[in-house]
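**Student:** Following the hints, complete the assembly by docking chain U onto the known chain C.
In order, the protein sequence lines correspond to chains C and U.
If you count by the working numbering, then the first sequence holds residues 1 to 290, one letter each, in order.
If you count by the working numbering, then the second sequence holds residues 1 to 293, one letter each, in order.
Hints in this document: simulated from the structure, not taken from any laboratory.
Any given hint could be a false lead.
Said to hold, decoys possible - Below, in silico cross-link-like pairs of lysine to any residue (SDA-like), each with a Cα-Cα straight-line distance of 20 Å or less: (1) Lys83/U x Leu72/U; (2) Lys83/U x Thr267/C; (3) Lys83/U x Leu263/C; (4) Lys83/U x Leu265/C; (5) Lys83/U x Ile94/U.
These figures come from a predicted structure and were not determined experimentally.
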Amino acid sequence: MEAFADFWATYSTLIFTVGIHALLALSLWLTLSCGLLSLANAAFMGIGAYTAALLTLHLHWPFPMVLAAGALAPAAVALVIGAPTLRLSGVYLAMATLAFGEVTRILVLNLEITGGPEGLNGIPLLTTWWHIVLILAAAGYALARLRRSRMGRAFEAIREDEVAARMMGIDVEGHKLAAFTLGAVLAGLAGALNAHSTFFISPREYGFENAVDILTMTILGGISSLIGPVLGATILTLLPELLRFLHAYRLAVNGLILIGVVLFLPTGLWDSRRLRQLVGAWRTRREGKP
Amino acid sequence: MLEQQLVNALTLGSVYALFSLGFTLVFGVLEVINLSHGAMFMAGSFAAMTVVTRFKAPLAVGILAAMLVSGLLGLAIDALILKRLRARHAPHLIPMIATIGATTVLTSAAQGLFGVEVQRFPDELLSTREFIFGSVHVRALELAIVGIAFLLMTTLFLVLRHTRQGRALRAIAESPKAAALLGVNVEGLFMATSFTAAALGGVAGLLIGLNFNSVTPLMGQPILHKGIAVVILGGMGDIRGALFGGLFLGFAEVLSKAYLSSQMGDAVAFGLLFLILLVRPAGLFGRVLERKA
Chain C
1 MEAFADFWAT YSTLIFTVGI HALLALSLWL TLSCGLLSLA NAAFMGIGAY
51 TAALLTLHLH WPFPMVLAAG ALAPAAVALV IGAPTLRLSG VYLAMATLAF
101 GEVTRILVLN LEITGGPEGL NGIPLLTTWW HIVLILAAAG YALARLRRSR
151 MGRAFEAIRE DEVAARMMGI DVEGHKLAAF TLGAVLAGLA GALNAHSTFF
201 ISPREYGFEN AVDILTMTIL GGISSLIGPV LGATILTLLP ELLRFLHAYR
251 LAVNGLILIG VVLFLPTGLW DSRRLRQLVG AWRTRREGKP
Chain U
1 MLEQQLVNAL TLGSVYALFS LGFTLVFGVL EVINLSHGAM FMAGSFAAMT
51 VVTRFKAPLA VGILAAMLVS GLLGLAIDAL ILKRLRARHA PHLIPMIATI
101 GATTVLTSAA QGLFGVEVQR FPDELLSTRE FIFGSVHVRA LELAIVGIAF
151 LLMTTLFLVL RHTRQGRALR AIAESPKAAA LLGVNVEGLF MATSFTAAAL
201 GGVAGLLIGL NFNSVTPLMG QPILHKGIAV VILGGMGDIR GALFGGLFLG
251 FAEVLSKAYL SSQMGDAVAF GLLFLILLVR PAGLFGRVLE RKA
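Chain C on its own, in the form it takes in the complex:
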């Protein structure tokens, strides 16, 4: 038991981070499932984190309400900016969401209430491990149900061919806005949980690099199933810890992974179809040899 206590004392922060990153990767998975490449999810996470932290610090709201507000504030922003932005497609959307992320970061950096570049300090540590597990499980369940629902099928249709989806009578704009906003809800939740598990937040944690990190996790894992993003988040969170001996060159490994996956594993690590084929091939080989 003592060994476990030691292990937990050393690694609990890391395990919390794995959970929060998994939630972020799922938030981007949701946006991508509708064919939208958004670089705004890091900013949505930041909005959630700051909203939640400010409500705890100044208004002393109870934690569940703080989490709800942390999820709803970025969703409200997503609704407002989504309506005009989502008319853009492909790379233009990526650029517009990047610009939105930069404006958000610079605003947070210069506002009085957000503490400027120093950020917010002394946020009470209210997040416990079961909050993260519970929310991650709930999000996973909800997304799994969503995939098989009318809405999830519509997302998939829009991702595959927008024009064809529109011809079939799908409300393309409405569904895009829904995917964008629901993604913001998950990112905001991750931000609120993160703010209450790290004691301190600053604008540096929600910039372009973080948007790219979220994207890397999701792409590495693969977007063909919900397991992919969670797997990608876990690997990319644990990897830097294992590669400490590389010092300054540590980040290069992340870059090489990203290039390698794009070149050699376009569908990501966890591709359900490829796995089924592998399992099938293994079975036939075993049955062939008595």
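**Tutor:** Just chain U, lined up with the frame of chain C:
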């Protein structure tokens, strides 16, 4: 005061234009959003810094080193990554993600090789001469920066406009397939474009490094975001648009920093970009391209 700000704006704007020119050239010809262009900017700056401090070479050699090192890096990224993705007809977003990976690798390599601290050019290298026009003081350095930027841009315009290769390149920008059928060496020109664009980015990095006398491994990131803003302002793939967009952003940034708020200058640039995208999705000067279903 205003005149002085205009000089600063012109200096900054011409470097933004030079940087964005390479960025937009790659998009126009290869149809790739090359997010490693900021890393080329950083690499050019470090290459020149190394040549002038380690080997005591004159600045002109530094400029050549910046072009060569960045150009070769751009060529390597094209040959190792973009070429394979072209062969596979990967969707637009894939090369964009791959070049983010290349940026991470190069930034991390620069941090390992040169450290994270700000590096400065030796003082004797930077001429402190000033020219005085009425109430305006112009540093010789600023004149040189604007001069070099415009010289390179004019050369590129002339090459694109009047040479056989330039015409072939414009044909590829219209349709790579048709150009290939007409006997244009498409792959060769793709590689030449990658080299040229990266070389221009490298010189832009050196010029900014000289202007602020500061070179760091992370200097490519903010300029990349500005380059994106410029290219969208001017229309993606539009060469003249990059020139006007770059100058426009230089003026918008310097003037809003001087007269509105010193910290919010960057927010003004990106806020503007955001608004322009909403009103004119293909940029201020761009034509709207609709997908033909």
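**Student:** Work down the list of hints and note, for each, if the structure agrees.
**Tutor:** So, going through the hints one by one against the coordinates:
For the suggested pair Lys83/U and Leu72/U, the alpha carbons sit about 15 Å apart, so the restraint of at most 20 Å is met. In summary, the hint linking Lys83/U to Thr267/C is supported, as the alpha carbons are separated by about 19 Å, within the 20 Å threshold. Distance check on the hinted pair: Lys83/U and Leu263/C sit about 10 Å apart at the alpha-carbon level, within 20 Å; holds. Restraint check for Lys83/U and Leu265/C: satisfied, since their Cα atoms lie roughly 16 Å apart, inside the 20 Å limit.
Under the criterion of a C-alpha separation no larger than 20 Å, the hint pairing Lys83/U with Ile94/U is consistent with the structure, at around 12 Å.
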